[in-house]
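Same order as they appear, the protein sequences are chains A and B. When we follow our numbering, the leftmost residue of the first sequence carries the number 1, and every step to the right adds one. When we follow our numbering, the leftmost residue of the second sequence carries the number 1, and every step to the right adds one.
Hints listed in this document are in silico derivations from the structure and should not be mistaken for laboratory results. Since we're looking at a predicted model, the values are computed, not measured. Backbone N, C-alpha and C define an ideal beta-carbon position, used for all residues, glycine too. Don't take each hint at face value.
In silico contact screen, one side only, chain B against chain A (beta carbon under 10 Å); selected entries [claimed, not checked]: (1) 119; (2) 138; (3) 188.
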Amino acid sequence: MKEDVAYHVMAPEQKKYGDPIIEISHLVKSFGDNHVLRDYSLTIRKGENVVVLGKSGCGKSVLIKCIVGLIPYDKGSLKVFGNEISEIQQQELDELRAKIGFVFQSSALYDSMTVRENLEFALRRHGKGKSRTEVNALVEETLDNVGLLHAVEVMPAELSGGMRKRIGLARSLILKPEIMLYDEPTTGLDPITAKEISNLMLKMQLKYNTSSIIISHDMHCAQLTANRLSVMIDGINYAEGTFDELRKMNDPKVHAFFEIL
Amino acid sequence: MAEEKKSILPKGLRDFYIEAGETTQFAGRFFREILFPPYEFREVIRQSYEIGYKSLPLVGITAFIIGLVLTLQSRPTLVSFGAEAWLPAMVGVSIIREIGPVITALICAGKIGSSIGAELGSMKVTEQIDAMEVSGTNPFKYIVVSRIVSTTLMIPVLVVIGDAISLYGAFLAVKVKGAVSFTLFFHQVFEALNFGDALPSVIKSFFFGFAIGLIGCYKGYHSKKGTEGVGRSANSAVVVSSLLIFIIDLMAVQITEFFGLI
Ligand SMILES: Nc1ncnc2c1ncn2[C@@H]1O[C@H](COP(=O)(O)OP(=O)(O)OP(=O)(O)O)[C@@H](O)[C@H]1O
Ligand SMILES: [Mg+2]
Chain A
1 MKEDVAYHVM APEQKKYGDP IIEISHLVKS FGDNHVLRDY SLTIRKGENV
51 VVLGKSGCGK SVLIKCIVGL IPYDKGSLKV FGNEISEIQQ QELDELRAKI
101 GFVFQSSALY DSMTVRENLE FALRRHGKGK SRTEVNALVE ETLDNVGLLH
151 AVEVMPAELS GGMRKRIGLA RSLILKPEIM LYDEPTTGLD PITAKEISNL
201 MLKMQLKYNT SSIIISHDMH CAQLTANRLS VMIDGINYAE GTFDELRKMN
251 DPKVHAFFEI L
Chain B
1 MAEEKKSILP KGLRDFYIEA GETTQFAGRF FREILFPPYE FREVIRQSYE
51 IGYKSLPLVG ITAFIIGLVL TLQSRPTLVS FGAEAWLPAM VGVSIIREIG
101 PVITALICAG KIGSSIGAEL GSMKVTEQID AMEVSGTNPF KYIVVSRIVS
151 TTLMIPVLVV IGDAISLYGA FLAVKVKGAV SFTLFFHQVF EALNFGDALP
201 SVIKSFFFGF AIGLIGCYKG YHSKKGTEGV GRSANSAVVV SSLLIFIIDL
251 MAVQITEFFG LI
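All chains should be built: construct the whole structure from the sequences, respecting the hints.
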């Protein structure tokens, strides 16, 4: 595994990160009797990639949906750029969302639109004052980044699962957001494409200094992209640290994630 | 989520009230959202094309057949009273007042209501609505308001076109059995009709259109997870909106009677 990674840039060491961008403290969220997030705290700084690990169904997707205000949380505090999400007005929330790229676990491509229209949709809303040629150039550049330039006029139904995933990624990257929330970006991809996607995530981080939360079960992806990891167990931030710190940890629950390596 | 409190009402009845309340809230939200910008004109036009133009063949064929069959069926009765000359007038009034609007609306509830229910349902289930929301678009405006506006405007148009085709079908049925010219037939029809027949039926068509759009969108927007949920949304959109069409029809007849238009 070691040499495998050596071909690639590793995420920069944790040092010169800026101000906190996302501050989650003591977040609580239940669906009826299903207590999903119990007391979750995590801080993401400017330019930092944080990978969130956790078993299926433990509430990772719920966590990042809380961050963009898709799911209201019950208790605790969640600040993005210093704004408490549960308190801001709809318009401010929309402005905030323009700075956040969200990659859905299920891709969530708009079925009734072509790939091009899918990518342009957010641009139409936020990229005001862009000319037709600028928009086209941006769409093509972004699609090229995920290696799907040839699929520009295709309908989503004609794409494979992995292709949909990459289009979903391209759609969130097109606005060059300051925060990226990736919900399992490499799950279901072949190892080669998965690595390409991981590298793309790193490239975004280095080029635009984005801060990201990456939800992943893919330990190779985590190793490659993470500056820091958070292990979510029973709705709390059970353990936190760099990849190597967590790998050396003696806790069996944490260690379970690293066994496959 | 509704609190699981002890209720004196049986479960079915309670669910009915909850759903009726939620639908009303949904309608309330529609009226709030339609007032304020941004307006999604492009989407309204696209949906009107999808909803109106694409339903035209189906509405046309059913309207034609209904006009034809109604006339053929009514004829023997009128003949036995020796009132055959009344046929155009009688058929015209039934088509314009009742059969045209209701049949068209029911056909549209089946075609448009189910497709809206299924489309929104699958958008909900595959998180497309969420994706729209995080990209800074108000999905309620973009998806729901545009569709309800389109159905409300397009159903009356379809009804008027359907009425015309229906009358033509009736004309053909009369012509098959006896000599009547096109002008004479329509002269007799319009002689029998007055403003009080046409206006209420156009007005109620707007309500039919609103009901079809509202129920389709409500069912789709609140679709349960999974493909089964999508199917159920489409199905109950048709059932509920068809039922609502009859209820509106019943109310419309009372109101027109009240204003002395019958
Ligand atoms: N909208 C919702 N309504 C009710 N319960 C929900 C909702 N969304 C999620 N849940 C519940 O919250 C829990 C966590 O779900 P979540 O989707 O966050 O899991 P996850 O950690 O992302 O899992 P996976 O890795 O499988 O995607 C699950 O038990 C799920 O049933
Ligand atoms: Mg998930």
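**Item:** Numbers of the earlier hints that this structure fails to satisfy, in rising order
**Value:** Violated: hint 3 alone.
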